[in-house]
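Take these sequences, add in the hints, and give me the full structure.
Each chain, letter by letter, is given below.
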Amino acid sequence: ETGVTQTPRHLVMGMTNKKSLKCEQHLGHNAMYWYKQSAKKPLELMFVYSLEERVENNSVPSRFSPECPNSSHLFLHLHTLQPEDSALYLCASSQGQLPSETQYFGPGTRLLVL
Amino acid sequence: GQNIDQPTEMTATEGAIVQINCTYQTSGFNGLFWYQQHAGEAPTFLSYNVLDGLEEKGRFSSFLSRSKGYSYLLLKELQMKDSASYLCAVNQNQGGKLIFGQGTELSVKP
Numbered sequence: 001e002t003g004v005t006q007t008p009r010h011l012v013m014g015m016t017n018k019k020s021l022k023c024e025q026h027l028g029h030n031a032m033y034w035y036k037q038s039a040k041k042p043l044e045l046m047f048v049y050s051l052e053e054r055v056e057n058n059s060v061p062s063r064f065s066p067e068c069p070n071s072s073h074l075f076l077h078l079h080t081l082q083p084e085d086s087a088l089y090l091c092a093s094s095q096g097q098l099p100s101e102t103q104y105f106g107p108g109t110r111l112l113v114l
Numbered sequence: 001g002q003n004i005d006q007p008t009e010m011t012a013t014e015g016a017i018v019q020i021n022c023t024y025q026t027s028g029f030n031g032l033f034w035y036q037q038h039a040g041e042a043p044t045f046l047s048y049n050v051l052d053g054l055e056e057k058g059r060f061s062s063f064l065s066r067s068k069g070y071s072y073l074l075l076k077e078l079q080m081k082d083s084a085s086y087l088c089a090v091n092q093n094q095g096g097k098l099i100f101g102q103g104t105e106l107s108v109k110p
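In order, the protein sequences belong to chains A and B. Taking the working numbering, the leading residue of the first sequence gets 1, the next gets one more, and so forth. Taking the working numbering, the leading residue of the second sequence gets 1, the next gets one more, and so forth.
Everything labelled a hint here was simulated from the structure, so no lab data went into it. Keep in mind the model is a prediction, meaning the values are calculated, not measured.
Okay, derived cross-link-like pairs now, DMTMM-like style, lysine to aspartate or glutamate, Cα gap no bigger than 20 Å in a straight line:
#	chain 1	residue 1	chain 2	residue 2
1	A	K22	A	E67
2	B	K97	A	E44
3	B	K57	B	E77
4	B	K76	B	E56
5	B	K97	B	D5
6	A	K41	B	E105
7	A	K41	A	D85
8	B	K68	B	E55
9	B	K97	A	E56
10	A	K19	A	D85
11	A	K41	B	D5
12	A	K41	B	E9
13	B	K97	A	E53
14	B	K97	A	E101
15	A	K22	A	E56
16	B	K109	B	E77
17	A	K40	A	E84
18	A	K22	A	E53
19	B	K97	A	E52
20	B	K76	B	E9
21	A	K40	B	E9
22	A	K41	B	E41
23	A	K40	B	E105
24	B	K76	B	E55
25	A	K19	A	E67
26	B	K81	B	E14
27	A	K22	A	E52
28	B	K109	B	E9
29	B	K109	B	E14
30	A	K40	B	E41
31	A	K40	B	D5
32	A	K19	A	E84
33	B	K57	B	D82
34	A	K18	A	D85
35	A	K22	B	E41
36	B	K68	B	D52
37	B	K57	A	E101
38	B	K97	A	E67
39	B	K81	B	E9
Given below as structure tokens:
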């Protein structure tokens, strides 16, 4: 257990559905991240939040919409996704944003878009 | 552009030593991380190097040469539970933005 939880662990959705992924960290951290991990590809950073402000949006399509209501919770709202969006979505948190700070990852949500 | 290279797969024998290499070309450098990821689980932190040299932590050691854009992770006295994917990641700016390699899938055989 890393102190970062994600729900649901698995999700199957159609291209017209709307769903949300939830991440919660119990570490008292101030920064939270969304990553996408596709098969045989590197982890890709999607969004970074620091003190509930979005500080990074890595050219992610608008069908992915993040929300950070407080420093412990992070959501990723999904709508009109494409089959190529099927992947493992990982949430992470860190104490701050110094380069040396370790990011702690959740177990991920395995998403399948049909 | 940004590029981080690692071997895709490696196989080693229980009790042996294995070295996983990572080379990088990034627009900036503020440290290099190694993470371990077992199948279906979260990546977990192994090491962080920002200065040249070797950092030893139990059975795992990590080396960095900034002039060569090169790092390696050394695993000694391999155990079956070390079978996992090993991810190399570079922090290229002042913030928390990490650029990851594709990971090295290590299989430890009896």
